[in-house]
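Here is how the chains run, residue by residue.
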Amino acid sequence: METAQDTIQQTEAKAETSKTLFKGTGSQVLLNGLIEEGVTTIFGYPGGAIMPIYDALYDYADKLEHILVRHEQGGIHAAQGFARASGKVGVCFATSGPGATNLVTGLADAQIDSTPLVCITGQVFAHLLGTDAFQETDVINITTPVTKWNYQVTDAKEIQEVLAKAFYIAKSGRPGPVLIDITKNAQLQLEEFPEYVKCNHIRSYRPKPKVRVEYIEQAAELINSAKKPFILFGQGVILGRAEEEFKAFINKSGIPAAWTIMGEGAIPTSHPLNVGMLGMHGNYGPNVLTNECDVLIAIGMRFDDRVTGRLDKYAKQAKVVHLDIDPAEIDKNVKAEVGVWGDCKETLPLLTNLVNENKHEDWLAKFRDYNQQEIDQVITPELYPTSDDMTMGEVLRNINEICGGDAVIVTDVGQHQMVACRYAKFNNTRSNITSGGLGTMGFGLPAAIGAKYGAPDKTVIAIIGDGGFQMTPQELGTIMQFGAAVKILILNNRFLGMVRQWQQLFHDKRYSFVNITSPDFVALAKSYYIEASKVDERANLRQALETMINHEGSYLLEVMVGRENNVFPMVPQGMSVSEIRLK
Amino acid sequence: MSTENTIEHKIDKADLDGKQEYTITVYAENRIGLLNRIAIIFSKRKINIESLNSSASEIEGIHRFNIVIQEGYEVVRKLARQIEKQIEVLKVYFNTNDEIIWQELALYKVSTDEIAEKVTVERLLRQYGASAVVIRKDYTVFAVTGHREETDALVKALEPYELIEFVRSARVAIIKDSAGFHEKLKEFEAFEPGEELVENEFLEKGEKIFTM
Chain A
0 METAQDTIQQ TEAKAETSKT LFKGTGSQVL LNGLIEEGVT TIFGYPGGAI
50 MPIYDALYDY ADKLEHILVR HEQGGIHAAQ GFARASGKVG VCFATSGPGA
100 TNLVTGLADA QIDSTPLVCI TGQVFAHLLG TDAFQETDVI NITTPVTKWN
150 YQVTDAKEIQ EVLAKAFYIA KSGRPGPVLI DITKNAQLQL EEFPEYVKCN
200 HIRSYRPKPK VRVEYIEQAA ELINSAKKPF ILFGQGVILG RAEEEFKAFI
250 NKSGIPAAWT IMGEGAIPTS HPLNVGMLGM HGNYGPNVLT NECDVLIAIG
300 MRFDDRVTGR LDKYAKQAKV VHLDIDPAEI DKNVKAEVGV WGDCKETLPL
350 LTNLVNENKH EDWLAKFRDY NQQEIDQVIT PELYPTSDDM TMGEVLRNIN
400 EICGGDAVIV TDVGQHQMVA CRYAKFNNTR SNITSGGLGT MGFGLPAAIG
450 AKYGAPDKTV IAIIGDGGFQ MTPQELGTIM QFGAAVKILI LNNRFLGMVR
500 QWQQLFHDKR YSFVNITSPD FVALAKSYYI EASKVDERAN LRQALETMIN
550 HEGSYLLEVM VGRENNVFPM VPQGMSVSEI RLK
Chain B
0 MSTENTIEHK IDKADLDGKQ EYTITVYAEN RIGLLNRIAI IFSKRKINIE
50 SLNSSASEIE GIHRFNIVIQ EGYEVVRKLA RQIEKQIEVL KVYFNTNDEI
100 IWQELALYKV STDEIAEKVT VERLLRQYGA SAVVIRKDYT VFAVTGHREE
150 TDALVKALEP YELIEFVRSA RVAIIKDSAG FHEKLKEFEA FEPGEELVEN
200 EFLEKGEKIF TM
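Chains as they are written, first to last, in numbering that gives the first Met the number 0: chain A, 0 to 582; chain B, 0 to 211.
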């Protein structure tokens, strides 16, 4: 057996003459590969089958920061938060069996929200595969539907190539989660390894379709002929790093643009052509006018049912232009008149070139009219309530006033999520981090930890409901141990609010198991040595929020809000977007 | 070239929602677990696979799946795109029965005594183009290749004469209008996939678009 000292010498030797083979274990070559891929932070939890990797990690503390989470689900959500805030690939480690199965929710979340992740799981020795060994689970088959790609390594010689492919697949094209399952023998296997080579081509994989000008021309012609064009944009703009290209496109064409919650922040909230949020709890104008526009231009979004409402009454009058990097998305839910396949970083500038400069004043005025109605009937009462009960909206308004739109807002799932997406102000891209497609309660706290590592210079505020917080509260331990300066804002309405709202509106107020009690969140936080306080009257709200945001380290603030407030507007399930209700 | 045209041609003639038999041809890397990845694309949507065959293709190292389902055009197209999205899948085609040449192989085990005794059996077998694979004292195994109806018909015909065992293979199909995969593979192996790989039926219906 070689000593650690030998390994260090070999690593140094490698640095001198890059062609020298690296002699070491599969675990070491894995960690070297992570460093080559630019990884600095790993969220993980050790266990039996991944022990050789953790043993090797012991010697890499100066290059790889490992954040010990309190549950593997927390680890993967943190990796997601990291990826979403930073634009890099999130990395997490877990052991075999329960460690790996605990990743499944996060994988599904990352898959549906196109988040680039590389997850490494330990696996039992190759000779034990299929014997129902201790902590053996068929992780590859369990995770197949929720990964962009996965692979089981049983021989250390495969590790470099598989890791390089994993990073390439995770971040290229439409990003997604990748899982590598490594048997313990491969982790321990001593080999001579060649230099690490990054992957940039897989013959069976086309990350982005080649752009053909014909589609661009067809799309431009349609857009130029439109009287009432309307843009819907999603996370594709952010994932494609095409925020500037997108801005140039709308600035020239003068077309009003509305966002899905995954696309929020790609352009600033204050942009004059940003007309707001789409979907079930989106803004009034964008929903109603979806059924009035003549050309609908969808960019990097996938017509989720929460966005479209009833599909057979969705934008039937409009000709649809759909720009997407994933050919499988075009015509999946909504038939496109022109499908522009390609990376919007490439397609948008081409389209901008061909579209006419325009203002669409009358058409924009319609959005403003609807917006005024919404302001009068919904927004003002929510942001400036007159009753004693505090609203979630006024909390968001205060955050906007204090942070000016520069904070990273991480939300959990439920009413507070919809309110945060509706009212939070964003100046910067990658600032709204939420579980959009999967709607994973418990996402907020761990994702905020990851987001803080991904954007260390930003104020990161986790907005979480009393229900969602109780799904992953254990990650307070991670904050305690590693000092991630996350601001945790619990909006407590003492209900599972979104489900309660549905029960009120659609189930005759039969409140079935939505009445949730909570521990003393302040005491809970303090038991983890995290500063905390609680606000139950408006008079103290502003001061408490300022204290939280200006506090040096992590801080938990619990705000008691009205019990039975509802989120409006709302497109009831099964209804058309134009049947959106203001109350 | 031609396969794209076949898609076009289908849009015109097939009832878009009407279910019919489609044969999906998948060219893919030969990798453990890929079959599962493909199969769950169907099971996720609760679509039954009628027949599935996995074999070598004309190119060494490239695998070819034939999958038969009963579905409408729209559904099949979405499935094809989801399959093609899988990392190790190179290309997916889907065709109606008139666009492919296809065969299934069926084996029939019949009592040798029955054949010896009854002339009709022998005539039947000849009529269906069956060939003897094994002849033993106790039983004989015949093989028939053909379409489903043909192999089914012989099962029915043999029912009165002690059909001991019957089994039928999955469908294998060749697309009439295909030039094979050699040229396509070269494009895939090239660093930047060429334009040929970007098939988009929108391009072919330009005249239908600008009607505003």
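Hints in this document: simulated from the structure, not taken from any laboratory.
Be aware that one or more of the hints could be misleading.
[Stated by the list, open to error] Below 27 Å or equal to it, Euclidean Cα-Cα: the simulated DSS-like pairs (lysine-lysine) are:
#1 A:K164 with B:K84
#2 B:K155 with A:K164
#3 B:K185 with A:K170
#4 A:K334 with B:K84
#5 A:K334 with B:K18
#6 A:K334 with B:K45
#7 A:K344 with B:K84
#8 A:K209 with B:K185
#9 A:K170 with B:K45
#10 A:K331 with B:K155
#11 B:K136 with B:K155
#12 B:K18 with A:K207
#13 A:K344 with B:K18
#14 B:K77 with A:K207
#15 B:K77 with A:K209
#16 B:K155 with A:K207
#17 A:K331 with B:K43
#18 B:K185 with A:K197
#19 B:K77 with B:K18
#20 B:K84 with A:K170
#21 B:K84 with A:K331
#22 B:K45 with A:K331
#23 B:K77 with A:K334
#24 B:K18 with A:K315
#25 A:K312 with B:K18
#26 A:K197 with A:K207
Hint check: K155 of chain B vs K164 of chain A, CA-CA at most 27 Å. Holds or violated? Between K155 of chain B and K164 of chain A the Cα gap is close to 53 Å, so the pair fails against 27 Å, i.e. violated.
Straight-line Cα separation of K209 of chain A and K185 of chain B no greater than 27 Å? The hint holds at about 16 Å.
Does K331 of chain A pair with K43 of chain B here, judged by a C-alpha cut-off of 27 Å? holds (15 Å)
Does K170 of chain A lie within 27 Å of K84 of chain B when you go C-alpha to C-alpha? holds (15 Å)
If you draw a straight line from the CA of K77 of chain B to the CA of K207 of chain A, is it 27 Å or shorter? holds (18 Å)
K164 of chain A and K84 of chain B: Cα distance at most 27 Å? This hinted pair holds, its Cα atoms lying about 16 Å apart.
Mind checking the alpha carbons of K185 of chain B and K197 of chain A for me, to see if they're no more than 27 Å apart? holds (22 Å)
Quick one, are K18 of chain B and K207 of chain A close enough, alpha carbons at most 27 Å? violated (32 Å)
Within a Cα-Cα threshold of 27 Å, do K170 of chain A and K45 of chain B meet the stated pairing? Given that 27 Å is the threshold and the Cα spacing comes to 30 Å, the pair is violated.
Does K331 of chain A pair with K155 of chain B here, judged by a C-alpha cut-off of 27 Å? Distance of about 42 Å is beyond 27 Å: violated.
With a cut-off of 27 Å on the C-alpha distance, tell me whether K77 of chain B and K334 of chain A pass. Holds, because 12 Å separates the two Cα atoms, which is no more than 27 Å.
Distance restraint between K344 of chain A and K84 of chain B, which requires alpha-carbon spacing of 27 Å or less: Holds, at roughly 20 Å.
The structure is inconsistent with the numbered hints 2, 9, 10, 12, 13, 16, although it conforms to all the rest.
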